[in-house]
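There are 2 protein chains.
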Amino acid sequence: MNGRPAALPPLRWWGWGERETPVPPGLLDLLRDEAGVSGELSGRPPDLDAVTLPDHPLPAPLSRRLARIVGAANVRRGIEERVRHAAGRSYLDLLALRSGCLPGAPDAVVHPASAAEVALVLRACADAGCAVVPFGGGTSVVGGVAPARGPFAALITLDLERMNALVDVDTTSQTATLQAGMRGPRAETALRARGLTLGHFPQSFEYATVGGFAATRSAGQASTGYGRFDELTRGLRLIAPRTELNVTAFPASAAGPSLLELVLGSEGSFGVITDVTVRVHAAPRFRRYAGWSMPDFDSGTALLRDLAQRRVLPDVARLSDATETRASLAVAAGRAADMARRYLELRGQREPCLLVLGWEGDGATVGARERPAARLLRKHGAISLGAAPGRAWLHGRYDGPYLRDSLLDRGVLAETLETAAEWSHLHTVRAAVSDALQTSLAARGTPPLVGCHVSHVYGDGASLYFTVLAAQETGHEVAQWSAAKRAATGALQSAGGTLTHHHGVGVDHAAWLEGEVGPAGIGALRAVKTQLDPDGIMNPGKLLG
Amino acid sequence: MNGRPAALPPLRWWGWGERETPVPPGLLDLLRDEAGVSGELSGRPPDLDAVTLPDHPLPAPLSRRLARIVGAANVRRGIEERVRHAAGRSYLDLLALRSGCLPGAPDAVVHPASAAEVALVLRACADAGCAVVPFGGGTSVVGGVAPARGPFAALITLDLERMNALVDVDTTSQTATLQAGMRGPRAETALRARGLTLGHFPQSFEYATVGGFAATRSAGQASTGYGRFDELTRGLRLIAPRTELNVTAFPASAAGPSLLELVLGSEGSFGVITDVTVRVHAAPRFRRYAGWSMPDFDSGTALLRDLAQRRVLPDVARLSDATETRASLAVAAGRAADMARRYLELRGQREPCLLVLGWEGDGATVGARERPAARLLRKHGAISLGAAPGRAWLHGRYDGPYLRDSLLDRGVLAETLETAAEWSHLHTVRAAVSDALQTSLAARGTPPLVGCHVSHVYGDGASLYFTVLAAQETGHEVAQWSAAKRAATGALQSAGGTLTHHHGVGVDHAAWLEGEVGPAGIGALRAVKTQLDPDGIMNPGKLLG
Chain A
58 MNGRPAALPP
68 LRWWGWGERE
78 TPVPPGLLDL
88 LRDEAGVSGE
98 LSGRPPDLDA
108 VTLPDHPLPA
118 PLSRRLARIV
128 GAANVRRGIE
138 ERVRHAAGRS
148 YLDLLALRSG
158 CLPGAPDAVV
168 HPASAAEVAL
178 VLRACADAGC
188 AVVPFGGGTS
198 VVGGVAPARG
208 PFAALITLDL
218 ERMNALVDVD
228 TTSQTATLQA
238 GMRGPRAETA
248 LRARGLTLGH
258 FPQSFEYATV
268 GGFAATRSAG
278 QASTGYGRFD
288 ELTRGLRLIA
298 PRTELNVTAF
308 PASAAGPSLL
318 ELVLGSEGSF
328 GVITDVTVRV
338 HAAPRFRRYA
348 GWSMPDFDSG
358 TALLRDLAQR
368 RVLPDVARLS
378 DATETRASLA
388 VAAGRAADMA
398 RRYLELRGQR
408 EPCLLVLGWE
418 GDGATVGARE
428 RPAARLLRKH
438 GAISLGAAPG
448 RAWLHGRYDG
458 PYLRDSLLDR
468 GVLAETLETA
478 AEWSHLHTVR
488 AAVSDALQTS
498 LAARGTPPLV
508 GCHVSHVYGD
518 GASLYFTVLA
528 AQETGHEVAQ
538 WSAAKRAATG
548 ALQSAGGTLT
558 HHHGVGVDHA
568 AWLEGEVGPA
578 GIGALRAVKT
588 QLDPDGIMNP
598 GKLLG
Chain E
58 MNGRPAALPP
68 LRWWGWGERE
78 TPVPPGLLDL
88 LRDEAGVSGE
98 LSGRPPDLDA
108 VTLPDHPLPA
118 PLSRRLARIV
128 GAANVRRGIE
138 ERVRHAAGRS
148 YLDLLALRSG
158 CLPGAPDAVV
168 HPASAAEVAL
178 VLRACADAGC
188 AVVPFGGGTS
198 VVGGVAPARG
208 PFAALITLDL
218 ERMNALVDVD
228 TTSQTATLQA
238 GMRGPRAETA
248 LRARGLTLGH
258 FPQSFEYATV
268 GGFAATRSAG
278 QASTGYGRFD
288 ELTRGLRLIA
298 PRTELNVTAF
308 PASAAGPSLL
318 ELVLGSEGSF
328 GVITDVTVRV
338 HAAPRFRRYA
348 GWSMPDFDSG
358 TALLRDLAQR
368 RVLPDVARLS
378 DATETRASLA
388 VAAGRAADMA
398 RRYLELRGQR
408 EPCLLVLGWE
418 GDGATVGARE
428 RPAARLLRKH
438 GAISLGAAPG
448 RAWLHGRYDG
458 PYLRDSLLDR
468 GVLAETLETA
478 AEWSHLHTVR
488 AAVSDALQTS
498 LAARGTPPLV
508 GCHVSHVYGD
518 GASLYFTVLA
528 AQETGHEVAQ
538 WSAAKRAATG
548 ALQSAGGTLT
558 HHHGVGVDHA
568 AWLEGEVGPA
578 GIGALRAVKT
588 QLDPDGIMNP
598 GKLLG
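Respectively, the protein sequence lines represent chains A and E.
Taking the working numbering, the leading residue of the first sequence gets 58, the next gets one more, and so forth.
Taking the working numbering, the leading residue of the second sequence gets 58, the next gets one more, and so forth.
Calculated directly from the structure, the hints in this document are not laboratory data.
Among the clues, some could well be false.
Identical copies carry no separate label here, and so any pair may be met within one copy or between two of them.
What the hints assert, rightly or not - The calculated lysine to any residue pairs, modelled on SDA-like cross-linking and capped at a C-alpha distance of 25 angstroms, are: (1) K436 with L253; (2) K436 with A425; (3) K436 with D492; (4) K436 with A339; (5) K436 with S356.
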């Protein structure tokens, strides 16, 4: 039942994809002017052969047992394999990878072909006291795939890439069951062949997997319209070390607490998600994406709130603050950007905020949904920029992480973080996070450029996504960002934001989770973990610490 | 911050509300013709004084401790108080109440005034080994408030009626925090005073409470538009016997598994929900409800599926099958009903299925949302019946349980049950349940009238709500319905329906829950229960059995 396999290569071992994305000169100028970045090339990562890894041989009896389960060729221990599974793709991960000196790596990477094999592998690891790290695309930016051993001497990473089939499509109910190892493009290609779409396009789309979407409560760029991945998920199969939890797909149920919602966001701490049943939608026959300029961030969020509370939201809604808009114009550079800037200034918008809205569906429906939005756009002072910014955004929607590699080549600290808050706290949260980042980094002599955008809109609030760019503090890169991240997380949590809207908890946020859910919340989650993973081998150090 | 208190009296001790609702003659004729019902008045319940209850005095030390916490006047042990908390409102509950001989009742009914008092009461009960049944409106139809003692000698019911304040409204974020004991009308009145609506109107609306809505994953008649109560809920406070779980309201979060979704549907098994933060909406300034006749049930569900999958659903969507439509016409009786019947027959609809759709909002939005629906109505063969059926449905939307009392007066078995299933299983599930009920009841010489409607519509499926009417099997009323219910539940579970879409699990479905969530699901829920309620005093026998 598979669609044509998508031909994307794996992630570059030391960064994102193979597509070179040079830093646009306009952005480099902006970073020189406002963040004191030199912009000189400061070196690329070493050769793979030169990377040093701690040596952790897998105990021989376990190794033999695993080989019997998945085949010897699928218990892999080469240096490249171990390096490729040694880290996710946070800024700190990239620093470690580029340093050529990794503090940890799995003893082996196991590639099962089926849920039955996963169950046997987990049982073997539980018996042997070996930690297991489930691995989808490896794109976590919160340490979700870090080879953290907890109390165990041995650790394997379980790569689900071979489990990448479309299991079933129900075109009547518009649901599909996908294996967890399916990457975004493969899932989308297989569904498009049946006239359907998953509608899930996070920035990591090209590499991230269906299992990872579910395990981390992923949100995509069109989730305002199609729903976050937790909203799309209807059923799933979780293989735990000594049991198996099957959540049957129903459109809705009142049969007790939601076990689905207990597995979503569990980040491999309870077991391995092997299959996911999701709502799918008819592939849109028509798309309209366009851009507007808002006089300021406040009028932009007022517009988004109005659209949401009147229930006339588009499928994509992104509002950049003035700094991010300035950076976008710097990236675009050239005559068109200059003209846009001058035109907006003439119309009284000196610090414009770029808004991109997108509608998808059939022509008639899109038209009907756009009309009430047009009225609200006028009301809140939007100036139309036509279709070009919408096209540009669609074209570059997956570019961020490629560009980040090039920024790191030039000694730039480049990282993102995100949250969500109710409308009444949104501005406080934004100011608190922005101030915390500015203060922390300026104190080290590396004043940052902090941009922010809203990308997910709800009736009661919205997400906030921050991009931080600064000169790296040579020799103290890790301490520099760790301090800033700590300050920002503390700030957003006290101001009323959630720890994370869609990046997840992983290692990086684990210490903060109790601040969000309280000791009773942690207690309940730990009880579930103990029940499903009594030996505690599943993804140590993530989620619950 | 309270709105004007709603003036509704409590439930009638032996049935529903005080409003007499005689059985319409047309319906009685139908029941005589098709279900062999005699329709003779077969007796009303006894006087309250004549009711017999088992005598279970509350242990004196516990009684004194509780009196110190809530005040002696709020530890109530009178016969009326105990009878009023001895049962919910299922058919079997009504049989027991009307028999005047109750198999169980709480030793005392405790009325706390605050979450702090609830915490102290639960601690006292945990220390003393006393079971606790949380009680909102007492409208459960699945035994959710049954005074089941489990292993405990003592049992109190905890009535939350005094905790009925609107705690907070955030008009910017459109959220509100309500105390759990607020009944539907009181919550709605308080919100309307601020231009807002909760939009939650289950048939039990007049009596049921906010805490009950959350604890049972309630769905209301307009939940297709406003969302089920689990979708409306953003945060809550759960007082457990030895801890407290606070779920903070965020528009969305990826900070681990959802603790909110773990408490929703927990039916008092983990603790007592004392406060709920919900999404609220602008009160609609405009409502349009109208009726259509569909040629058959299949074309009706095809229409609803089309509306849902094209994302142009109205806020209310109800489709009755031919039997239920026939019953509705029998209830309406008179010239108008006859004319409607004849008109539809002339247009080729011999077994018409009534469809009611309702839109709410401001005039412009309703218009824009109606237009695409109009096109699909034509496509699927709908014949417009104008606004009258919509008005009639709105007028009688809470009447069912009143009418049931009058049916019981006349020796009629009257009960409902419900499920939800994916579109591709919907017809199988409907046929299986209908057959099971027919077969079981006909075998006892009491062939039933089984009507069915869809009331909640999703992209991937819909709910099915069955109404069963039959002659009571005198002397074996309980066995008669128990057998039919068992047959129907087995049938819906094997055919692919969920155990319950919105009635909950309670006692009645507890034995079936493992069939839906599997042993690992039960294990995970039990682990949470043990963590939050280590003494096991919370609502024994419900949910997990």
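Evaluated hints:
1. K436 with L253: between (36 angstroms within a copy, 22 angstroms between copies)
2. K436 with A425: both (18 angstroms within a copy, 19 angstroms between copies)
3. K436 with D492: Neither way: K436 and D492 sit 31 angstroms apart in one copy and 57 angstroms across, limit 25 angstroms.
4. K436 with A339: For K436 and A339, the Cα distance is within 25 angstroms only across copies (19 angstroms; inside one copy 33 angstroms).
5. K436 with S356: Answer is within; shortest intra-copy Cα gap is 10 angstroms, inter-copy 42 angstroms.
Violated hint: 3 only; the structure is consistent with all others.
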